[in-house]
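**Student:** The opening position of the sequence shown corresponds to residue 11 in this note's numbering, with each subsequent residue numbered one higher.
Read the hints as simulated data drawn from the structure, not as lab findings.
For every residue, glycine included, the Cβ atom is placed at its ideal position computed from N, Cα and C.
The reader is advised that the hints may include incorrect statements.
Derived DEER-like restraints, expressed as beta-carbon distance ranges [stated by the list, open to error]:
{"id": "1", "residue 1": "G199", "residue 2": "R57", "range": "34 to 42 Å"}
{"id": "2", "residue 1": "R193", "residue 2": "D107", "range": "41 to 49 Å"}
{"id": "3", "residue 1": "P280", "residue 2": "H48", "range": "25 to 33 Å"}
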Amino acid sequence: MTPPVLERAIGLADKVAFLKRPESYPERPAAVEPVETHLAWVFLTDRHAFKLKKPVRYPFLDFSTLSARHHDSEEEVRLNLRLAPGVYLEVVPLTVDREGRLGLGTEGVPVDWLVKMRRLPRQRMLDFAIAAQTVDDAALRTVAERLARFYREAAPAAMTSAAYRRRLVDELDANARALAEPRHGLPAGVTARTAATLRRFIEQRAPLLDARALAGRIVDGHGDLRPEHVCLGPPVVVIDCVEFSREFRILDPADELAYLGMECERLGAPSVGPTLLAHYIALSGDDPPEALIHFYQGVRALLRAKLAAWHLDDRTVSYPSQWFNRACAYVALAAQHADRA
């Protein structure tokens, strides 16, 4: 266990500064590209990516202690092996020696842990392919094959139909409340109307949602199926599942596919989602109604709007207008899909 005084003496800024230097890595890369996210720092070398989790605490996760970050790193490797075998390699200690020098994977006292991954080719990620207009039907069929196999092998979650509907209502209400905060300046009328439309769907189409749960369609899935997480391969891999909360991964595959389609639509490729879904239906035999897909897309779009709005509360955000515009775009998408549900 790390002595408390040692962990306090070496802060996040010290760790980040060390990991930005090419000489800190055994592979001696030509350069290191640091990428900061809300929850982590990622350091890209020639062949690998190293993720350092920030010591943060939110209502939905707690990375505030060294042991918590170590455990979550181990979970990240374990869970991502399901859809990204060969990508998540190991958990590497960031250590300090007797002279107070940091080292990566060297002898010494661990002061943090990093997830080591194989770096994927940027041009093969789905979001890049959408921007380059290089997505083709064959690639989407291969993605659908990978996902259909994953969901087929996933164990059904022990959740009653009533509990599933209750969770959808709770999530919808929480997102609606967050988006109604005046400080965010979002279109309150549109948000309220959209949330009300989606609530009515849950009430009026309860048998449809119940059927998904009763058929064992609620499984331990990916949890954050977005275009930037899908590598078209070969082979197809899907990275960055939600490792910190099993609850966030318990969902309907139709929900995940709807979410992916909604995100592709936001990026300017509205045909990708329906094409991918059509392949999935043909491969899996699972044929969710179109109304259910639009319902899930409305719910997911409100969630993404909330997450974008939360960035406006972060004083370190350099371009708040970017997140405001993104939140508004998600609210608009939510309204469109809610009206089609």
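**Student:** Taking the beta carbons of R193 and D107, is their distance inside 41 to 49 Å?
**Tutor:** Cβ of R193 to Cβ of D107: about 47 Å, so the range 41 to 49 Å holds.
**Student:** Quick check: does the Cβ-Cβ distance between G199 and R57 fall within 34 to 42 Å?
**Tutor:** Since G199 and R57 have Cβ atoms about 51 Å apart, the given range 34 to 42 Å is violated.
**Student:** Verify the CB-CB distance for P280 and H48 against the hinted window 25 to 33 Å.
**Tutor:** The hint (25 to 33 Å, Cβ to Cβ) holds, given that P280 and H48 are roughly 27 Å apart.
Hint compliance for this structure: hint 1 alone is broken.
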